[in-house]
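Undergrad: Letter by letter, the chains look like this.
2 protein chains.
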Amino acid sequence: MAGFQVIEVKESIFAENDRQADALRQKLKAEKTFLLNLMSSPGAGKTTTLCRTIEALKGELRIGIMEADIDSDVDARTIDGTGVRAIQLHTGGMCHLDADMTKQGLEAFGTENLDLVVLENVGNLVCPAEFDTGAVKNAMILSVPEGHDKPLKYPLIFTVCDVLLINKIDVLPYFDFDMEKVTEYARMRNPNIQIIPICAKTGEGIGAWADWLLQQVRDWQS
Amino acid sequence: MAGFQVIEVKESIFAENDRQADALRQKLKAEKTFLLNLMSSPGAGKTTTLCRTIEALKGELRIGIMEADIDSDVDARTIDGTGVRAIQLHTGGMCHLDADMTKQGLEAFGTENLDLVVLENVGNLVCPAEFDTGAVKNAMILSVPEGHDKPLKYPLIFTVCDVLLINKIDVLPYFDFDMEKVTEYARMRNPNIQIIPICAKTGEGIGAWADWLLQQVRDWQS
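Chains as they are written, first to last, in this note's numbering: chain B, 1 to 222; chain V, 1001 to 1222.
Worth double-checking, as some hints may not be accurate.
To be verified - For lysine to aspartate or glutamate, the following EDC-like pairs were computed, each having C-alpha atoms within a straight-line distance of at most 16 Å:
1. K1027(V) - D1073(V)
2. K1032(V) - E1112(V)
3. K201(B) - D1176(V)
4. K1029(V) - D1176(V)
5. K137(B) - D73(B)
6. K1201(V) - D176(B)
These aren't lab readings, by the way, just hints derived from the structure by calculation.
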């Protein structure tokens, strides 16, 4: 334990987009549109979870999906098959969305007639967490194969998220993933975080998640 | 397919650290130290793979490990248990290492008596790929649960990597992961990429990987 050195190579990260994010939230409030910022690692299951969420809520809410990707449109094509409006944002190599990029996307989209817009952020646990996109709530997906230690290693994203979906619970038997530990570690970062285990592939837990999200949208609109 | 718009929100990404990276490589060449930059998503298995790699090569090579993490030292503690030299770099929130940060770490380490230094980069498929760290070779781990479509969505990292380890092959039966497709997609990005399937948990494939790495180190030193 004492055999290694710790070197600090700190650099300041600038995030002066808070004002723009607040302005965007005010505009969304006036329009009664709820923006959810969905973050995760690559491959944690954002798009599959979104397809299930759309299925569960499209009778209740007018939904739009903004897919942020570096340069493919694989996910927008998938979402397009669900019958809700989808738009693809190309970040041109950028590792996250900021409030201004999100605003550009929303303006191209036209949000007046939408109750819920989900921004599927770039797959990355680090940079997206640094930038307030203007979303009303932040959600994160952590999948079982990634391991229960992630709140120790990527603290900020767990701090800024209102809800944590633990996805791929169908493969729990094949991985050393401790649900109690992940809960403990995530609550160390954010005592108020909601934790909802799901399996986007089978649909397990999607009802609880959709109920939570619907309540948030209704609270925002009232 | 025609139902969604594509919006370009390009921003330029600056990477003028190439000169520093080249200078660092020259210094390493003179010292006969091989630096490997290891990248992956969070939870793909970098640390477990490193432990196996150390086991396989510590009789042949003098090895040092630099763990780059945002602010934990979980991984350095794990590596410390393997008996090789380990150092923890704290990036202070930064999502990647650049050549200068790598140089600071190597200087603190003292590389004169090391044949192989592995830099375990921050878990992230986007930003680390943008910055030449000064490494001799770049390696990437993609784990089966992340899905075979990743070269489509995160093109740059597959382009800059010399070798791709496909980890967690023990869980192939439980995931829709197509080895032929991932090979095809990865080679679209980089026709020369070496692809080695492994399971760091069981040790499967580690021999082939260790052989490849040992050859690279010997070539660099000769």
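Undergrad: Each hint needs a verdict: does it hold in this structure or not?
TA: Evaluated hints:
With a C-alpha separation of about 28 Å, the suggested pairing of K1027(V) with D1073(V) is violated against the 16 Å cut-off. At roughly 8 Å between alpha-carbon atoms, K1032(V) and E1112(V) fall within 16 Å of each other, so this suggested pair holds. At most 16 Å may separate the alpha-carbon atoms for a hinted pair to count; K201(B) and D1176(V) meet this at roughly 11 Å. Between K1029(V) and D1176(V) the CA atoms are separated by roughly 42 Å; this puts the pair beyond 16 Å, and the hint is violated.
For a cut-off of 16 Å, the pair hint linking K137(B) to D73(B) is broken: about 25 Å separates their Cα positions. Distance hint between K1201(V) and D176(B) is fulfilled; the C-alpha atoms sit about 11 Å from each other, no more than 16 Å.
Of the hints listed earlier, those the structure fails to meet are numbers 1, 4, 5, in rising order.
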